[in-house]
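Taken in order, these protein sequences are the chains called A and B. Numbering-wise, the first sequence is residues 32 to 183 according to this note's numbering. Numbering-wise, the second sequence is residues 32 to 183 according to this note's numbering.
Everything labelled a hint here was simulated from the structure, so no lab data went into it. In this text the structure is predicted, and so the values were computed from the model without any measurement. There could be a bad hint or two in this list.
In this list, chains with the same sequence are indistinguishable; a pair is considered to hold if it fits within one copy or across any two.
Cut-off 25 Å, straight-line C-alpha distance, at most; resulting in silico cross-link-like pairs (PhoX-like, lysine-lysine) [to be verified]: (1) K124 to K46; (2) K65 to K36; (3) K36 to K46; (4) K65 to K124.
2 protein chains.
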Amino acid sequence: MADYKYFEDFVVGQKRVSGTLTVSAAEIMEFATKYDPQPMHTDPEAAAAITGGLIASGWHTASLTMRLLIAGTDYQPAPGALGLGFEHLRWPKPVRPGDSLQLTVEVIALRPSESRPDRGIITNRFLTVNQHGETVQEMVSSAIIPRRETKG
Amino acid sequence: MADYKYFEDFVVGQKRVSGTLTVSAAEIMEFATKYDPQPMHTDPEAAAAITGGLIASGWHTASLTMRLLIAGTDYQPAPGALGLGFEHLRWPKPVRPGDSLQLTVEVIALRPSESRPDRGIITNRFLTVNQHGETVQEMVSSAIIPRRETKG
Numbered sequence: 032m033a034d035y036k037y038f039e040d041f042v043v044g045q046k047r048v049s050g051t052l053t054v055s056a057a058e059i060m061e062f063a064t065k066y067d068p069q070p071m072h073t074d075p076e077a078a079a080a081i082t083g084g085l086i087a088s089g090w091h092t093a094s095l096t097m098r099l100l101i102a103g104t105d106y107q108p109a110p111g112a113l114g115l116g117f118e119h120l121r122w123p124k125p126v127r128p129g130d131s132l133q134l135t136v137e138v139i140a141l142r143p144s145e146s147r148p149d150r151g152i153i154t155n156r157f158l159t160v161n162q163h164g165e166t167v168q169e170m171v172s173s174a175i176i177p178r179r180e181t182k183g
Numbered sequence: 032m033a034d035y036k037y038f039e040d041f042v043v044g045q046k047r048v049s050g051t052l053t054v055s056a057a058e059i060m061e062f063a064t065k066y067d068p069q070p071m072h073t074d075p076e077a078a079a080a081i082t083g084g085l086i087a088s089g090w091h092t093a094s095l096t097m098r099l100l101i102a103g104t105d106y107q108p109a110p111g112a113l114g115l116g117f118e119h120l121r122w123p124k125p126v127r128p129g130d131s132l133q134l135t136v137e138v139i140a141l142r143p144s145e146s147r148p149d150r151g152i153i154t155n156r157f158l159t160v161n162q163h164g165e166t167v168q169e170m171v172s173s174a175i176i177p178r179r180e181t182k183g
């Protein structure tokens, strides 16, 4: 049985750190060709002049962050958990070929749902850093998450 | 020469509507296998029980929205334009196989930069809808954009 996480399993200040993941130039260009076809993401020569070399699409960075969350942490929300969307998505530094990314998820708020006693709201900060410790993505997200005790 | 867009080329309330783009089950599963490997995105049978069938990763929806912006509108920001990040990213309805997506970009605010007379700040709402007119993604984003007149 999966070791699901419920509202009661989280504490404000708690941090989970993912494994790492290295990004190649080929993957940066492949993603961008499909989803963000701009020269700084798809053409190393043009990118050299624009951004000092190829940089990943911000949406690629976001997608890689999701992969770190799913595959690189013990992320296992209980059935019924539901993302409410994201706030303050930022890409302070670009991701470049060869960069190694790591995600830290920090619980920054927890509150019981006012309308549903069997649920709570969790707010997390997602911080993605490169091998130099520089932040390449930051975002804040809230989700509805089931409570373990639902009697009553 | 590219027909670049400068601060002066935008007006609050102005809307640009993209072409459309249809999403296949194969693409939903391919994206999710790489970036968001959860059964509702990768396994049609498991997804039938969880979400009434396969649904796209929200990050796939975001990436497809970027593609609609770049390839489906006359998006051509002047050199020097720089995204400041996103606020209020929401996925009110999931994207399903066969859905046809369209993006509307609406200018909701424009203001000159206080520190840099050669720049302005533009705030856009990005609304992605399916073929039923249902919103599958909404977000608000601000960007720095060069002004056409930079003398002085």
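A quick look at each hint next to the structure:
no.: 1; hint: K124 to K46; result: within (22 Å within a copy, 30 Å between copies)
no.: 2; hint: K65 to K36; result: between (35 Å within a copy, 24 Å between copies)
no.: 3; hint: K36 to K46; result: within (14 Å within a copy, 43 Å between copies)
no.: 4; hint: K65 to K124; result: both (22 Å within a copy, 23 Å between copies)
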